[in-house]
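**Q** Protein chains in written order, with our numbering: chain A, 178 to 461; chain B, 1098 to 1354.
Simulated from the structure, these hints should not be mistaken for lab results.
Using N, Cα and C, we set each Cβ at its ideal position, and we do this for glycine too.
Among the hints, erroneous ones may be present.
[Unchecked claim] One side only, chain A facing chain B, incomplete, derived with CB under 7 angstroms:
# : residue
1 : 269
2 : 274
3 : 303
4 : 355
5 : 411
[Unchecked claim] Once the Cα atoms are required to be at most 27 angstroms apart in a straight line, the calculated DSSO-like pairs of lysine-lysine come out as:
#  : chain 1 : residue 1 : chain 2 : residue 2
6  : A       : 426       : B       : 1254
7  : B       : 1254      : A       : 221
8  : A       : 426       : B       : 1219
9  : A       : 426       : B       : 1276
10 : A       : 439       : A       : 245
11 : B       : 1219      : A       : 245
12 : B       : 1254      : B       : 1276
13 : B       : 1276      : A       : 459
14 : A       : 193       : A       : 221
15 : A       : 275       : B       : 1276
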Amino acid sequence: MTLFCSLHDAVADNLKDGDTAAFEGFTHLIPHAAAHEAIRQGRKDLTLIRMTPDLIYDQMVGMGMVEKLIFSYVGNPGVGLLRRTRDAIENGWPRTIKIEEHSHAAMANAYEAGASGLPCAVFRGYLGAGLKDVNSNIRSLTCPFTGEELAAVPSIRPDVTFIHAHRADRKGNVLIEGIIGIQKEAVLAANRAVVTVEQIVDDLDTHANACVLPHWSLSAVCEVPGGAHPSYTHGIYDRDNAAYLEWDKISADHDSFLAWMKTNVLDASPEDLEARVSRLRKVK
Amino acid sequence: MTSLDFTPDEMMTIAASRMLSNEDVCFVGIGAPSAACNVARLTHAPDITLIYESGTIGTTPDVLPLSIGDGELCETALTTVSVPEMFRYWLQGGRITIGFLGAAQLDKYGNINTTVIGDYHKPTTRLPGGGGAPEIASSSGEIYITMKQSVRGMVEKIDFYTSFGHGDGGDHRQRLGIKTKGPTLLITDLAIWRPNPETKEFVVTSLHPGVTRDDVQKTCGWSVRFADDLETTPNPTDQELQTLRALKERTAAAHSG
Chain A
178 MTLFCSLHDA VADNLKDGDT AAFEGFTHLI PHAAAHEAIR QGRKDLTLIR
228 MTPDLIYDQM VGMGMVEKLI FSYVGNPGVG LLRRTRDAIE NGWPRTIKIE
278 EHSHAAMANA YEAGASGLPC AVFRGYLGAG LKDVNSNIRS LTCPFTGEEL
328 AAVPSIRPDV TFIHAHRADR KGNVLIEGII GIQKEAVLAA NRAVVTVEQI
378 VDDLDTHANA CVLPHWSLSA VCEVPGGAHP SYTHGIYDRD NAAYLEWDKI
428 SADHDSFLAW MKTNVLDASP EDLEARVSRL RKVK
Chain B
1098 MTSLDFTPDE MMTIAASRML SNEDVCFVGI GAPSAACNVA RLTHAPDITL
1148 IYESGTIGTT PDVLPLSIGD GELCETALTT VSVPEMFRYW LQGGRITIGF
1198 LGAAQLDKYG NINTTVIGDY HKPTTRLPGG GGAPEIASSS GEIYITMKQS
1248 VRGMVEKIDF YTSFGHGDGG DHRQRLGIKT KGPTLLITDL AIWRPNPETK
1298 EFVVTSLHPG VTRDDVQKTC GWSVRFADDL ETTPNPTDQE LQTLRALKER
1348 TAAAHSG
């Protein structure tokens, strides 16, 4: 099996209609390029999982690709609401979507349980919180040693996880730095994992405790410089804060949303992202 | 030196910053809490530990982050851990002394809604949701809340219990098996509020300079109780105001892109 491939082939091979997929990233390293490729390939009826669905899930929901959203915070970070997702939840445009809502602690625990091969996650949570009344996947169990009642949620086991990372070596071992979020757990919880990286290098040049994903834990690795834009890759280019603010306006109505998607996603290619981050690159 | 030339918003942030100390380990919400925590760090509490849910521990940002995961937070942190480690070891493990939250909707018992306006299944407005707040509210040693007053925001009954404060008041937290203190402080743009020790209802203990009881009641959706020994919040000092304004200026310059 070829680990290195084009982003087109990685998405075509690893994301099918009806899949449960996670495109993870916690403000940092959001896999925009991979999500845009999925949009171009027109995948449908997806169940999308993410702690913090931001612009990419707003775009996928707005393009009608999503049947169900599993999340813990559905906002545009630092800006406000996600208008396409709101429109789908409040008005069913362009289609109705199901939602399964959790807290961050629950999802972080559920990914970790998935990566650990466990059926569920157990933690102290949801005490007095309203979500357990509207989400039947939030249950409880009693500690057999102390009798304490603890929260339980099913583990997260995506069919496929997509993440973006700093670099891979020539074997396909991947390094993630900075705010590492939930990406390692999301990769190890999934049946298949696709990683886009800024750069392929001879040597990862890292230290003993770095966050490294061995090549044999991954399905595909694609070199896509700028692949996180308008999110950022720590130490390589900054977050495009203006783009997040701009999204609030673009996504405000159907026409401007669809026009933006055509120009910037449907008629674009992964290679276009490198130019979008050129002015954001860190000066060495 | 104190200043007479300040906005209610500035007074809110500065009053909140004064409540934090060098010994605190503070889990910081974005927005007003983040500003207050960093003003504290830049004035009287240089050794305060600020933690953001993206995993950054002991962060000392030069500008306020736009999101909880800005690179600035990681670059200036003592260490950055994964999100599961953050929630399991540091929050659930009981290492956080203060959880500092904002609110879209708040009731008099410190219960917070940031999930929906209207019915959950058919919302009038779908808000972003809780994120880390449900467990911050139950696992932090105590909770500080800061928000601007409005009758839409401060309501008799919230539409959804995103995070649990004192529930219906009294010993409701203990009855649910929650061992932490819950909301102990509310700082608005008009006043400082603390819960009554018995009922747990928020009571105004200090009015900000120039604010009247009527101002507080007009912008609050429940019938407001005032402490017998009602105080006046000291004016911002020149140092506090200059620190806050410089922080806001640096932030605006950094985020203009």
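**Q** Confirm or reject each hint.
**A** Now the hints, each set against the structure:
{"no.": "1", "hint": "269", "result": "11 angstroms, violated"}
{"no.": "2", "hint": "274", "result": "11 angstroms, violated"}
{"no.": "3", "hint": "303", "result": "6 angstroms, holds"}
{"no.": "4", "hint": "355", "result": "5 angstroms, holds"}
{"no.": "5", "hint": "411", "result": "5 angstroms, holds"}
{"no.": "6", "hint": "426(A) to 1254(B)", "result": "32 angstroms, violated"}
{"no.": "7", "hint": "1254(B) to 221(A)", "result": "40 angstroms, violated"}
{"no.": "8", "hint": "426(A) to 1219(B)", "result": "24 angstroms, holds"}
{"no.": "9", "hint": "426(A) to 1276(B)", "result": "44 angstroms, violated"}
{"no.": "10", "hint": "439(A) to 245(A)", "result": "24 angstroms, holds"}
{"no.": "11", "hint": "1219(B) to 245(A)", "result": "16 angstroms, holds"}
{"no.": "12", "hint": "1254(B) to 1276(B)", "result": "24 angstroms, holds"}
{"no.": "13", "hint": "1276(B) to 459(A)", "result": "46 angstroms, violated"}
{"no.": "14", "hint": "193(A) to 221(A)", "result": "8 angstroms, holds"}
{"no.": "15", "hint": "275(A) to 1276(B)", "result": "35 angstroms, violated"}
Violated hints, listed in ascending order, are 1, 2, 6, 7, 9, 13, 15; each of the other numbered hints is respected by the structure.
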